[in-house]
Amino acid sequence: MSSKNELTSAAIDIGFGTCAVTTNLHHRVPFYIDYPSRIVRINKLDHSSTDAAMWKGKSTSEASVIVHVNGTDYEVGPNVSSQAADGVRALHSDFVSSERYLALYKGALGLQPNDCLDFLVVGLPLDALIKAKEVRDLMSGVHFIGSRKINVKHVKVFAQPLGALLWHAKKTADKENPREDIMHFLNGVPKRAVLDQGYGTFDCLTVSGLLPDKPQSGAAQIGHNKTLAAVSLHLTNSFNANVSAEHVDQAFRTGELHVFGRSYSFPTCESFDVLPIIRAHVNDCIEFTKNKVGSAVDIAEFLLAGGPAPYFLEPMKKAFPHHRIILVEDHASAVVRGFGEIARQWRSSQNAERTHDEPA
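The sequence shown begins at 1 in full-length UniProt numbering and counts up one residue at a time.
Simulated from the structure, these hints should not be mistaken for laboratory data. Any given hint might turn out to be false.
Unchecked claim - No farther apart than 30 Å at their CA atoms in a straight line, the calculated lysine-lysine pairs in the DSS-like style are these:
| # | residue 1 | residue 2 |
| --- | --- | --- |
| 1 | K292 | K191 |
| 2 | K290 | K317 |
| 3 | K226 | K131 |
| 4 | K153 | K133 |
| 5 | K226 | K149 |
| 6 | K171 | K191 |
| 7 | K153 | K226 |
Stated by the list, open to error - Okay, the calculated beta carbon distance ranges per label pair:
| # | residue 1 | residue 2 | range |
| --- | --- | --- | --- |
| 8 | R262 | I33 | 30 to 36 Å |
| 9 | D94 | S238 | 35 to 41 Å |
| 10 | N351 | R324 | 34 to 40 Å |
| 11 | N43 | K214 | 43 to 49 Å |
| 12 | G141 | L275 | 43 to 49 Å |
| 13 | R324 | P30 | 27 to 33 Å |
| 14 | I33 | K214 | 31 to 37 Å |
We treat Cβ as the ideally placed atom computed from N, Cα and C, and that holds for glycine.
Generate coordinates for the entire structure from the input sequences, incorporating the hints supplied.
Put into structure tokens, the structure is as follows:
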């Protein structure tokens, strides 16, 4: 927990597929946790007396919490089972207006350790930025999560790819000149494009420094979920058994597919090869990018972020042979880590102002 006199900041990214939260950003090792965007509806009447402690605000484990939304209780966190999770994931801009989104947000608050967040930075896909004010209003204020009362004072909302850009700038600065402000590195390239394939959407954000180039930016509903569905269907036919999209997603993360107690190298092995399927979906994203940026003569480099980003590296080099194609460090978590950097600097600037205003 933070002391009463210490300003606190955090970043939260609630995606269609994954949620992540980071805080205590001024510490040597910041707090960080991520988890699938799943919720489990809980019927309190079905619980035995041994579970009563949970309804007093204690988590079901160290990695899940119970949250209350509009009369319904949900379990949220890394330990939530995909088999028990409720319904189909929402893959549209109205997601931010849903009970599911609020449950995931409250879960993120409940999983982080601070009861007061002075500054919170959050992200939205490009095509959902019209909901930014709604998200700010939703997230600001006091939230009751079990026995905890968590106060979120100020919220800023940014496009998700911007977080990846900031994280890339920070990591570059750390390596090349830690004393240099990251804006030096952002302004050192005339124009760059950040490509971020999330679970539900593919975002292309073109920027000069931090200023978006709207005609060369956009989003399309060609997220990683479509790749997972196609690979799941292929593997289900290959094994003559249901290999779910969740199972495939785990294989993407680990490089191994586990079926019937056996481990198979993923995405290619003697028994199957799903790389052509993956590349076909990657090429759809690249075609969308070409439609936005054309030949990209005014763009110096492309940054690749998001979980599937490594699969974009070689196809992007072929599609744009004259450009620098860079896989962002920590590509799967770069968005929220970059927002964490924004939150950290926001906190630092406010701390400096408070120190300046204090009487001598």
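Hint check:
1. Proposed proximity of K292 and K191 is supported: the alpha carbons are some 14 Å apart, at most 30 Å.
2. Taken as a hint, the K290 and K317 pair is honoured in the structure, with Cα atoms around 13 Å apart against an allowance of 30 Å.
3. Restraint check for K226 and K131: the C-alpha separation of about 24 Å stays at or below 30 Å, so the hint holds.
4. Between K153 and K133 the alpha-carbon distance is near 15 Å, which keeps this suggested pair within the 30 Å criterion.
5. Using a Cα cut-off of 30 Å, the hinted pair K226 and K149 is violated, with the two alpha carbons roughly 39 Å apart.
6. Distance restraint check for K171 and K191: the Cα-Cα separation of roughly 18 Å lies within the 30 Å cut-off, and the hinted pair is therefore satisfied.
7. Annotation: proposed proximity of K153 to K226 is violated, straight-line Cα distance about 37 Å (limit 30 Å).
8. In this structure the supplied range 30 to 36 Å holds for R262 paired with I33, their Cβ-Cβ distance being about 31 Å.
9. Between D94 and S238 the C-beta distance comes to about 36 Å, which sits within the given range of 35 to 41 Å.
10. At roughly 36 Å, the beta-carbon separation of N351 and R324 lies within the given 34 to 40 Å, and the hint holds.
11. Between N43 and K214 the beta carbons are some 47 Å apart, a value that agrees with the proposed interval 43 to 49 Å.
12. Under the hint 43 to 49 Å, the C-beta atoms of G141 and L275, about 47 Å apart, fit the expected range.
13. Checked against the hint of 27 to 33 Å, the C-beta distance between R324 and P30 comes to roughly 29 Å, which is consistent with it.
14. Distance hint for I33 and K214: a CB-CB separation of about 34 Å, consistent with the stated range 31 to 37 Å.
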